[in-house]
Each structure stands twice: as C-alpha cells, then as structure tokens.
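Novice: Chain order of the listed sequences is A and B.
If you count the first sequence from 1, position 318 lands on 318 in our numbering, and the numbers rise without skipping.
If you count the second sequence from 1, position 106 lands on 106 in our numbering, and the numbers rise without skipping.
Bear in mind the hints are in silico, worked out from the structure with no lab data behind them.
Note that the structure is a prediction, hence the values are computed from the model and not measured.
For every residue, glycine included, the Cβ atom is placed at its ideal position computed from N, Cα and C.
Do not take every clue at face value.
Just the calculated beta-carbon pair ranges, DEER-fashion [stated by the list, open to error]:
1. A:P166 x B:G31: 46 to 54 Å
2. A:P166 x B:K122: 34 to 42 Å
3. A:M206 x B:L113: 21 to 29 Å
4. A:F162 x B:D236: 53 to 61 Å
5. B:A123 x A:L283: 42 to 50 Å
6. B:R105 x A:F162: 18 to 26 Å
Chain residues, written in single-letter form:
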Amino acid sequence: MSENSDGTGGLTFDKSKRQWPNELNVFGALILIIVIFEVLGQVLPYMNGQSLLFDTRDRFDTIFNEQRLRIIIVQVAIIGIIALGVTQVIITAGIDLSSGSVVGAAAMIAMSFAQVAEVNGNPNPKAIFGEWALDLPWIIPVLVGLGVGLMAGAVNGLLVAFARIPPFIATLGMMLFARGVAQWWSRGNPVSFPTESYAQIGAGMMPVIIFLSLAVLFHFVMNYTVYGKHTYAIGSNEAAARMSGINVPGHLVLVYIIAGMLAGLAAVILTSKNLTAQSGMGLTYELEAIAMAVIGGVSLFGGRGSIIGTVIGALIIGVITSGFTFLKLGAFYQEMVLGMIIVSAVALDQWQQQRAASRA
Amino acid sequence: MSDIILETKGLTKHYGGVHALEEANFQLKRGEHVAIMGDNGAGKSTFVRQITGVEQRTRGTVVFDGAEVNFAGPLDAREAGIETVFQTLALADDLNVPDNLFLGREKTKWNWLGPFRLLDYKAMKEDTMAGLVKTGVKIPNIKNTIANMSGGQRQCVAIARTATFASKLTIMDEPTAALGVQETAQVENIVRTLKEQGESLILVSHNMRQVFDLVDRIVVFRRGRIVANLNVADTDGNDVVSYITGAKTGAEYEGAA
Chain A
1 MSENSDGTGG LTFDKSKRQW PNELNVFGAL ILIIVIFEVL GQVLPYMNGQ
51 SLLFDTRDRF DTIFNEQRLR IIIVQVAIIG IIALGVTQVI ITAGIDLSSG
101 SVVGAAAMIA MSFAQVAEVN GNPNPKAIFG EWALDLPWII PVLVGLGVGL
151 MAGAVNGLLV AFARIPPFIA TLGMMLFARG VAQWWSRGNP VSFPTESYAQ
201 IGAGMMPVII FLSLAVLFHF VMNYTVYGKH TYAIGSNEAA ARMSGINVPG
251 HLVLVYIIAG MLAGLAAVIL TSKNLTAQSG MGLTYELEAI AMAVIGGVSL
301 FGGRGSIIGT VIGALIIGVI TSGFTFLKLG AFYQEMVLGM IIVSAVALDQ
351 WQQQRAASRA
Chain B
1 MSDIILETKG LTKHYGGVHA LEEANFQLKR GEHVAIMGDN GAGKSTFVRQ
51 ITGVEQRTRG TVVFDGAEVN FAGPLDAREA GIETVFQTLA LADDLNVPDN
101 LFLGREKTKW NWLGPFRLLD YKAMKEDTMA GLVKTGVKIP NIKNTIANMS
151 GGQRQCVAIA RTATFASKLT IMDEPTAALG VQETAQVENI VRTLKEQGES
201 LILVSHNMRQ VFDLVDRIVV FRRGRIVANL NVADTDGNDV VSYITGAKTG
251 AEYEGAA
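Construct the complete structure from the given sequences, taking the supplied hints into account.
Specialist: Pasting the structure below:
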C-alpha cells in the first residue's frame, strides 16, 4: 500500500505496528508444551526414553503414536463443542456459566426419547415414558436435546439483552435451574438403554468429526458473515454497535441460543457415547469450556479471540491431561498446572494489550 | 430543489424547567460550512442533538432537504443523509478500518442467509480506499484494528465514514477537542477537502483560529438562543468573543438574550 505510506500527520508505515495473529502465539504455546513433555520423557530416568506423541517402537512404521493422539482429541471434543459456543458468548463480552448444567438437563430429557422398548427380551426397566416414546428414530432425541439447549440459551439471551441482567448472574441462575431440572427429571435416577441408531451418534471418532466440522463452520461464520462481524463489534464497543444500527439485543439472544444449542448437542453426543444419562453430567464443563477459550486467546473483556484459538486451547488442555498421565503424575498436579496456565494466558494477554496501547 | 439543505424554525428544547434551547431559527445552504460557537451550556450540543434525532425536541420544526422531518433516532437521521461525527468516538476498537466504516450497513452477498449472510470484503475494501482517497485521509494499513491507531487516525476514520456514504449533511461536534497539533491539522485538511467537494457541514468548535480558517459563516449561541449570524469575511475574533460573552448582541436578535 505504497500510496498510503506517508500522510499529513507525519504518518509512516511502521512494520512494528503490523499485527501478529494471536493464534500463532497460542500455537507456539502448544508446541512448547509438547516439547516440554517430550524432553521430560527423554530425561526423567523412570520414563526410559518414551515419547508422548511419536512412535518410537520399531514394530510399527507410523510416525505418531496414533492411539494417544486419538485419546487426546476424543477427550476434548465434547467440551470443545461447548467451547465453540462459549467463545462466541465471551467475544460479545458476556459469559455462559450454564453450559455444563444445560448439558445435564438436555442429557436427561433427550435420552428419555432415545430409549429402547426391550432390553434382553424384557421391557426397558429404566423407561421414563410409556410405549409411545420408545424405539423412536434417532433424530427425535437429537432434536429434543437441541431444543432444550435452544430454550435455555433463549432465556439466557433474553435476560441479558432485554432484562439487562449481567451475563454472569443470568447464566449463574440458569446453571442452578438447569441442574435442578436434570435432577428433578427422573428424581435423580439415570436414564439408560438407548436405541442402536442413537448410540451411533457418539461412537468412536464421531465426537471428533462433529467437533472439527463445527469448528470449521463457526470459523467461517465468525469471519465471513454479518453475524460474526456484529458479534465482534458488540464485544468491542456496544454503544458504537448500537449507534451503527446493529440490533444489539436481538443479536445477543441469537448468540446465547447458538451457545445453548451447542451445549444441547454436546449432551446428545455424551449420552450416546456413554449409553446413559445422569443428572450430574456436564458438571464443571462450563469452566473447562471457558478455560479452553481463555487459553486460546479469547479476551474476557470481549471483542477479541477466535474459533481457531479455542480449538488450539482445547488441544493444549488435551495434551496437558495426556502428558500428565504419560508422566504417571497424579491428576492433582495436572489441575494445579492448568490453573497456572489459565492465569498466565490472561496475564500475557493483558500485558500485550498494554504494550500495544502504549505503542499506538 | 431548494438551495437550503437544512432549516430549523422555532426549535426549542426544555429539560424540565431548564430552557436549553429557545426558538432557534437556523438555515444552512447546500455546500455551505457553518460553525456553531458559544460558551459551555450555550445550547450548541442541544441544538445538534435535536437535529440528529438523539433527543426529541419540545417544539419547532426541522426541514431537511426540502421536507419536514421528525427523526425517531440517530439512525433515521443517518438514513436521511445526516452523518454525525461525535465527540466520543463511535468506533469498535477491535475491528479494522473497513469494518468500522461499514459497521451496521455492511455490503453483503447471499442475503437469503439472513443474519449469516456473507460479507463482501472486496467491495467494502474498495469503497473504503475510495473514501479515504476522497477525504485525503492517510492510514498506514487499513487492515490494522482501530485499537492500534492514534487519536488523530481514529478521528479521521470517523470522518471518512461520512465521506464514504454520500451524505447530504455532515455534523462534527468538537472533532479536534482531544487531538494534538499535527492530528488537528490532519482533521482540518479533511474538512477543507469536504468543502471542495461541496459537502454541507455544521462544525461545533471552541477553536477560534480553526473556525476562521474553515467556515463561511459563524452562528453564536448564548443562553440557549442564537445571538449572532456572522459572515466570516465581515467579522473578527474580538467581535465573535463579544457575542459569545454577551457584551454584544446581533441587531436582529435584540432582546433575545
């Protein structure tokens, strides 16, 4: 852009003011963490030179330890789906604390429509409804799960956008309410024995395929559609968005509905994978989803962050979880380290913002 | 088509018992640049807010582009062709220049997708470049977010927004109040460019030198009333100050203040 390289105000094109995509930093952190585990695998005496991600055994001619890679991504896929929605909510400068509980409620309700009529020749002992709700096609419980998420998201959005209740409080209320619904639904009893077709939804690598497909979809939506642009604009400067003619309340409701529906979908996949629904399902998922987004560079002040960042954030959590198991260290160390990483990610983000502001 | 782009008759605004604006009769010709001056609380910003629909007037009429108008809000005014550059910048910090220029009125493709319709980045970038060239605004890299720009550059982006969309009237409320010397010069250059292009402009300013440099006519407000309507060629700084402070009142406005 040479025609714009100098200007009336003494402006010059300054390479140092070019922007470095934040996703590269997050990706760098992921590589760094992998390197640390690889080095520890070589250095620690009791590890006998094992590798976290690479296949060092001669028996197989693959480069990577595919089994571990698969575990890493499968274990983060379901919460990752929730994180895709939470990312969008946080970009509007909101927060969604309800997603874990919405998973619980959607799991119980959706599973009630996915049950088989007969288990080993006997009537299904866990059946919630009468015969009319047994042996239904798989699409019905899926729609029910999405519907529960949609309703929870709509309530969140209406409370935030129209009743002007702070997102933290509105979704905290929904978090308690939805968990209550999950427990009330079958008086705390698990809902089990899904149909064969329903069990296929979350089988094997399906959660990963769904997670990555949705990540690609929402990456596109956030970057190339009006919806995405307005989501960033609202989080960046809500007053400016309003003055520019954006329907801010309507847009916020839509964002919370999408987040709720993604939580509902996560519930469907989770129950399908586990072949049962329990009222405690999804406990603390909301916090893990927020952690994925924050580690991935999504700013809690809104306006900044991306779907790619959140996917890398999810992978970081997956690698750390796997890495600690690999090093045979207890889960408590893992949580301590995750806690430190989350705080460091936000501190780093703050520092970078201040530096950018003082340079401008 | 009438020669007058904007006319107010008996424009009045009361905030409860406070008479912020009383019987303002004001005319602006097409292509004319007029400054509004006055002490703090004289009614300048109140006057602007009634025209742009930010507030609803107590009484009086506003005629814009030949038709009487009643804007329900700033968006109505913008759609009718009044672009306002506010004192507090209405820009989204985390978006880049084209995104801010087109915020709320994006160029799109595949509109049947509703809220998920696609952004036409190419067309918006081209229009942005055209708008920046038209106003003479120099931005090192329009792909940078607003957060990485200086106050002057931000103000220029806000002003370029008015030029990108063929507006009929531009209103600037203290556009250089928060800027340094160089940045002020840059904004003033843009205002001159707008003048050359025949844009009508209302400039609210405290800066006497700036006003004498840029506009054709000065309208002075005092205590909610218009007290003087002066051609820049026939007046000087001392004269304007006398009107602002109330030492003098224009002949046709005798008894007003």
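Novice: Taking the numbered hints from earlier one at a time, note which ones the structure violates and give those numbers from smallest to largest.
Specialist: none
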